[in-house]
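*Asks:* In the order they appear, the protein sequences are chains E and D. All residue numbers in the first sequence are consecutive under the numbering used here, ending with 541. All residue numbers in the second sequence are consecutive under the numbering used here, ending with 632.
Have a look at the derived ranges for each label pair, beta carbon to beta carbon:
1) 286/E / 604/D: 50 to 60 Å
2) 596/D / 447/E: 44 to 54 Å
3) 280/E / 313/D: 54 to 64 Å
4) 599/D / 286/E: 50 to 60 Å
5) 557/D / 268/E: 27 to 37 Å
6) 291/E / 557/D: 13 to 23 Å
7) 345/E / 599/D: 46 to 56 Å
8) 473/D / 538/E: 40 to 50 Å
9) 473/D / 512/E: 45 to 55 Å
10) 496/E / 578/D: 27 to 37 Å
11) 375/E / 575/D: 28 to 38 Å
12) 578/D / 538/E: 20 to 30 Å
13) 280/E / 251/D: 49 to 59 Å
14) 229/D / 447/E: 36 to 46 Å
As a list, the in silico DSBU-like pairs of lysine-lysine whose alpha-carbon atoms are at most 35 Å apart:
15) 496/E / 264/D
16) 496/E / 598/D
17) 582/D / 299/E
The following residues of chain D were derived to be distant from chain E, with all beta-carbon distances above 10 Å:
18) 229
19) 247
20) 287
21) 326
22) 412
Don't read these hints as lab results, they were simulated from the structure. Even glycine gets a Cβ: it sits at the ideal position worked out from N, Cα and C.
Here's the letter readout for the chains.
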Amino acid sequence: MNLTWLKIKWGLLGLMTAVTFFVWLVVGPSSASKFLTVTFLDVGQGDAIFITTPSGRQILFDTGPGRAVLSPLGQAMSFFDHSLDLVLFSHGDADHVGAWTDILTRYDVDYLLAGYWFNAQTDKDNNFMPIKAGTRINFDHDIKLDIIGGGMTNSKNNENSLVARLSYGSTTFLLTGDSMAKEERVEINKLGYYLQADVLKVAHHGSKTSTGAYFLNFVRPHYAVISVGAKNSYGHPTAETLGRLKNIGAEILRTDQEGTIVFQTDGKNLVNKYSN
Amino acid sequence: MGIILIINQFVSIWFVVLVLSWGLLGLFLAWRYPVSRFWLVIFCLICFGLSAGLWRGASKTNWIDNVCVGLGKSPSGLVVTEPVASEFSQRLIVRPDNQDFNILLFVKRGEAWSYGDRIKFRGNLEVPKNFQTDTGQEFAYKNYLRKDDILCLGRGGQTTLLSSGHGSSIKQTLSVIKKEFLNIINHYLPEPQSSLLSGILLGVQSSLPSTVSEDYRRAGLTHILVLSGQNISIVASFLMILFGWSGPTISFVIVVVGLILFTLMAGAGASVVRATLMGLLVVLARATGRPYAGGLALVTAGALMVWFNPRLLVFDLGFQLSFLATLGLFYGTPLMSRGLKFLPTNFGLREIASISAGAILFTSPWLAYSFGQLSLVALPANILVVPTVELTMLFGFMMAVFGLIHLPVAWPIAWLTDWLLIWNLKITQFFAHRSVAVMPIKNFSLVFVSVCYLVIFLLVIYDKKYPTTKSRSAEL
Numbered sequence: 266m267n268l269t270w271l272k273i274k275w276g277l278l279g280l281m282t283a284v285t286f287f288v289w290l291v292v293g294p295s296s297a298s299k300f301l302t303v304t305f306l307d308v309g310q311g312d313a314i315f316i317t318t319p320s321g322r323q324i325l326f327d328t329g330p331g332r333a334v335l336s337p338l339g340q341a342m343s344f345f346d347h348s349l350d351l352v353l354f355s356h357g358d359a360d361h362v363g364a365w366t367d368i369l370t371r372y373d374v375d376y377l378l379a380g381y382w383f384n385a386q387t388d389k390d391n392n393f394m395p396i397k398a399g400t401r402i403n404f405d406h407d408i409k410l411d412i413i414g415g416g417m418t419n420s421k422n423n424e425n426s427l428v429a430r431l432s433y434g435s436t437t438f439l440l441t442g443d444s445m446a447k448e449e450r451v452e453i454n455k456l457g458y459y460l461q462a463d464v465l466k467v468a469h470h471g472s473k474t475s476t477g478a479y480f481l482n483f484v485r486p487h488y489a490v491i492s493v494g495a496k497n498s499y500g501h502p503t504a505e506t507l508g509r510l511k512n513i514g515a516e517i518l519r520t521d522q523e524g525t526i527v528f529q530t531d532g533k534n535l536v537n538k539y540s541n
Numbered sequence: 157m158g159i160i161l162i163i164n165q166f167v168s169i170w171f172v173v174l175v176l177s178w179g180l181l182g183l184f185l186a187w188r189y190p191v192s193r194f195w196l197v198i199f200c201l202i203c204f205g206l207s208a209g210l211w212r213g214a215s216k217t218n219w220i221d222n223v224c225v226g227l228g229k230s231p232s233g234l235v236v237t238e239p240v241a242s243e244f245s246q247r248l249i250v251r252p253d254n255q256d257f258n259i260l261l262f263v264k265r266g267e268a269w270s271y272g273d274r275i276k277f278r279g280n281l282e283v284p285k286n287f288q289t290d291t292g293q294e295f296a297y298k299n300y301l302r303k304d305d306i307l308c309l310g311r312g313g314q315t316t317l318l319s320s321g322h323g324s325s326i327k328q329t330l331s332v333i334k335k336e337f338l339n340i341i342n343h344y345l346p347e348p349q350s351s352l353l354s355g356i357l358l359g360v361q362s363s364l365p366s367t368v369s370e371d372y373r374r375a376g377l378t379h380i381l382v383l384s385g386q387n388i389s390i391v392a393s394f395l396m397i398l399f400g401w402s403g404p405t406i407s408f409v410i411v412v413v414g415l416i417l418f419t420l421m422a423g424a425g426a427s428v429v430r431a432t433l434m435g436l437l438v439v440l441a442r443a444t445g446r447p448y449a450g451g452l453a454l455v456t457a458g459a460l461m462v463w464f465n466p467r468l469l470v471f472d473l474g475f476q477l478s479f480l481a482t483l484g485l486f487y488g489t490p491l492m493s494r495g496l497k498f499l500p501t502n503f504g505l506r507e508i509a510s511i512s513a514g515a516i517l518f519t520s521p522w523l524a525y526s527f528g529q530l531s532l533v534a535l536p537a538n539i540l541v542v543p544t545v546e547l548t549m550l551f552g553f554m555m556a557v558f559g560l561i562h563l564p565v566a567w568p569i570a571w572l573t574d575w576l577l578i579w580n581l582k583i584t585q586f587f588a589h590r591s592v593a594v595m596p597i598k599n600f601s602l603v604f605v606s607v608c609y610l611v612i613f614l615l616v617i618y619d620k621k622y623p624t625t626k627s628r629s630a631e632l
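Produce the complete structure using the sequences and hints provided.
*Replies:* Structure representation (structure tokens):
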């Protein structure tokens, strides 16, 4: 009798310890950090950028071409976390939006943002909001995403690709989608040295039709990230673009060489962490 | 005569000579050493299976190359199997109206197709072409597809839905259940763990990244990625434990019915049927404690499958390897168990090692011939990974069931499952990336293969005749 009671007591204690441990496991990772984390996911030939703010907001900018995004995204998020606050699409090419059905079936997405072209692609029950140049999204105190180019027509092609400027305190990221040289000139005329950025996501995977020397003079990036698949059939990134980036003195980071590339910033200092 | 119709000429002659010489050897031994009529039975089964298969093959359409053009520009047909998604596309096997062969369509990922849909395809259909693999070997893609009666490929083009719900209602219901299970797995687990579990648990053809699948091949663990006899025997054991209280007859019926439903759910493809047969055999052999009777049953099952689809024997590497591995389980394990006596019996270590070694011994020559390379780390990798598969299946299944009724307890189970899957992936990755992981073997011809199997065969015979220990049946 005594022995049975003792067993039950110990059993209960064990169970409660396990439950407590598990609850901490779930709650632990989602506690706030003071960093804004920008992760360029290694998705092969395509773009997918995952942004986490200090208060835990999560934004996915482009989804990459297919299921390849799910592994690095799963690693970047907590095991128990299956929701995204925002999913943004720069434009409609498959290497940027190809995995959106995979993302929507696996994650609860609060809002979908893209140019008007996306209207035709989707049924009305997911919360789609059209955006274009001039939109500002406040993620957190002092963290904002400004759409500075693209979205002006119904086209889903490169020339209408959204360009976003993400800033936290004094650090800035320029996320260019697949925008072209022509769009870069428009942005220079409108914004000038406001384009200056610490990290430039090199447009169109380093294609020679983007990232002009003139544009780079205004951006003056410290890091240039090229999201590109190894041995891709397009020949990205081109020698011309790499040369222009070297001339401006940018440190070039490529997802086909480094794998997933992670930046962390507290609003003043910027740290690049190699994940592989 | 009939042989030429179904298999390409070069392989056929060598292959038939090989099989026949085996059968003759068996007959000779049975006649010379009258230990049992076992080999005579094997010989009869092989002959029966092959000849019946050939007869069936000969009665099929005499396929010609312009059959694809003959279908016209926009054929309509029925989706006859569950669509298979890969990294960037999904594959539909379609039976065109009024035809007795299938076409394979590559459609976009994300499009929702299901078994039983009637569809119309607009685009070019072409004859499949053989191609070179990374290791420089020619892959007989054309013949590989023929085992599923696929004669034409459609890439690109436009596919439209005409109507749906034309499949058998049992298969359709099971395919809905399977989809629901997949959704839950995908909901709870991140990639690539979810893809791995889908393969282990439901036999979903892997949508793992190609680098990961390559790791599994290098580590000699490909059988983990698909529904194999091992998995089926685990399912059978679970069913037996669950329903054991109902008496031997009823529980046996439940196990058989359960396995049939499971097979149908997993798509009832050749690979799954084969796995089910092999799994059932392993269970039977364990239950009766007569591993050698299992061998006979295995050959019967193999002969039956070849009778239904003779192309399996020649073109389905999965069938060949699975057959050999199970054969190795029955005949190689006792042999290896004596060789591995130095291993401690704690945690079933020696048993696991000898089962793995037995299967590896029997599959290695054929692997060397088919892939031109041999995994040298297969034994340690199998010993570390295989024992966890049972637990992974159990937890994965519990996770899916609790997830189905939205119980939060699914989360801690998912978390444990995740760690088991990570172990599986990491061990594989570790062994696959050793510099000695694989040994390339060039020009490993069928003659070498025959010699290897002859040696193995003689070893088994010798071992059976002069056993060094008494307790043989206890080792399985």
